[in-house]
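Next come the chains, spelled out residue by residue.
There are 4 protein chains.
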Amino acid sequence: MTTNMPNDLYAVADFCLIPIGTGESSVAEYIAECHRVLEKSGLTFKDTCLSGYATNHEGPRSEVSKAIHDCHAAVHAKGAPRVATDIRIGTRVDRDILAGDGNDHKVRRVEEILARDRATAS
Amino acid sequence: MTTNMPNDLYAVADFCLIPIGTGESSVAEYIAECHRVLEKSGLTFKDTCLSGYATNHEGPRSEVSKAIHDCHAAVHAKGAPRVATDIRIGTRVDRDILAGDGNDHKVRRVEEILARDRATAS
Amino acid sequence: MTTNMPNDLYAVADFCLIPIGTGESSVAEYIAECHRVLEKSGLTFKDTCLSGYATNHEGPRSEVSKAIHDCHAAVHAKGAPRVATDIRIGTRVDRDILAGDGNDHKVRRVEEILARDRATAS
Amino acid sequence: MTTNMPNDLYAVADFCLIPIGTGESSVAEYIAECHRVLEKSGLTFKDTCLSGYATNHEGPRSEVSKAIHDCHAAVHAKGAPRVATDIRIGTRVDRDILAGDGNDHKVRRVEEILARDRATAS
Chain A
1 MTTNMPNDLY AVADFCLIPI GTGESSVAEY IAECHRVLEK SGLTFKDTCL SGYATNHEGP
61 RSEVSKAIHD CHAAVHAKGA PRVATDIRIG TRVDRDILAG DGNDHKVRRV EEILARDRAT
121 AS
Chain B
1 MTTNMPNDLY AVADFCLIPI GTGESSVAEY IAECHRVLEK SGLTFKDTCL SGYATNHEGP
61 RSEVSKAIHD CHAAVHAKGA PRVATDIRIG TRVDRDILAG DGNDHKVRRV EEILARDRAT
121 AS
Chain C
1 MTTNMPNDLY AVADFCLIPI GTGESSVAEY IAECHRVLEK SGLTFKDTCL SGYATNHEGP
61 RSEVSKAIHD CHAAVHAKGA PRVATDIRIG TRVDRDILAG DGNDHKVRRV EEILARDRAT
121 AS
Chain D
1 MTTNMPNDLY AVADFCLIPI GTGESSVAEY IAECHRVLEK SGLTFKDTCL SGYATNHEGP
61 RSEVSKAIHD CHAAVHAKGA PRVATDIRIG TRVDRDILAG DGNDHKVRRV EEILARDRAT
121 AS
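Residue numbers (this note's numbering), protein chains in the order written: chain A, 1 to 122; chain B, 1 to 122; chain C, 1 to 122; chain D, 1 to 122.
These aren't lab readings, by the way, just hints derived from the structure by calculation.
Bear in mind the structure is a predicted one, so any value in this text is a computation, not a measurement.
Careful: at least some of the hints might be erroneous.
No distinction is drawn between identical chains; accordingly, a pair holds when it is met within one copy or between any pair of copies.
List time: in silico DSS-like cross-link candidates among lysine-lysine, alpha-carbon distance up to 30 Å [stated by the list, open to error]:
id, residue 1, residue 2
1, K66, K40
2, K78, K40
3, K78, K66
Whole structure, please, built from the sequences with the hints as guidance.
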């Protein structure tokens, strides 16, 4: 069924991790800890595009997934009894993704279209 | 930092996979394919609790994540050029989760509380 | 742009609410509170299909969204300083959805396909 | 139960919209359309922080939710028979959120912590 599929699809992800049961409403220290984990992972990730809710990273699916696991482990180690993460993960087989360019490519495509709008309007 | 953490936390997950670019608005054939993949994975998963949007499964994090990867591969093999999945994944270190009982336990706890409501009301 | 669109599309949703900063790792009391809110909302929702992570409900988009808002308000009132919810929401214009049958329909379609598998195998 | 709660909590959101059944694997035109809708909505939204997957916006919950509805309507009008959106939405009652600063505040807090790391390391 998956004979022609690579064993490890290239994955572009965005995740939002929430520590549960910490007794503090701030999550910033835990998210910062995740950033330290991602930095060590060697994966391409976007801290410039760190949004209020999500961190983007991309790479072979098993590594992307392992990095999120390691974020969970680090956040538990920091004292959170429970951790819930929401992950959006995408793969495609219609074209190659330049390593590290999956998220950027998507943003550029939308920005090009919106720039065309502005050019037409002026 | 993660010295006392297991290498592979027990994870309780719920995922919603969407094939993109198929030209058909029905996704049922693709979701059925995912169920076939999950059945082969040997993981505990809930087809009785298959909701309109989500499939629950649970097990060691690496296997839970690998099963979702294999669903992507199978859905690509069925013709979807692109696949996007939204995964909710939870881990906890405050108590042991009986293998295969993570999702059921959570449902039971809520149902017990609601049953208490009804008992009090009558 | 949206001239032929109804003002309030019929929406089929699944949401997972997480209270933050409560100091307790159990979320069951808060989820039970959400169920009480949903019961009062008059919307079709699935407690039988309450999964470990998600509650399904459906109806006109504004009501579906208002019900989730009221869950936030109720969970804040129960003491959570912060609440994060992940919502999956779907709309379609290719066919009518029988009121209250959006989630069920999706589940039935997948189950029919899997039943056909089993019939063919035996 | 929600007596002291505002009728419309201030919500900080991040959403990822996926058109289904379009027959094309590119989603950029549809996401650009959503940006046009958000621009008209008058809500604070982050196109600079538009990530590969998500668009952030914030405001009173009913308006945040209405803007997403209007994106669905616009994407249907562009030809997608079905639209699925994943929304992460957060509210808090422990402190006021400066209008339009909810997402930025969260990013700044994490960046401050990471900057402190670097200061300590050097």
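Cross-check of the supplied hints:
1. K66 / K40: Both. Shortest intra-copy (12 Å) and inter-copy (22 Å) distances satisfy the 30 Å Cα cut-off.
2. K78 / K40: within (17 Å within a copy, 36 Å between copies)
3. K78 / K66: Both: 18 Å inside a copy, 27 Å across copies.
In the structure shown, no violation is registered for any of the earlier numbered hints.
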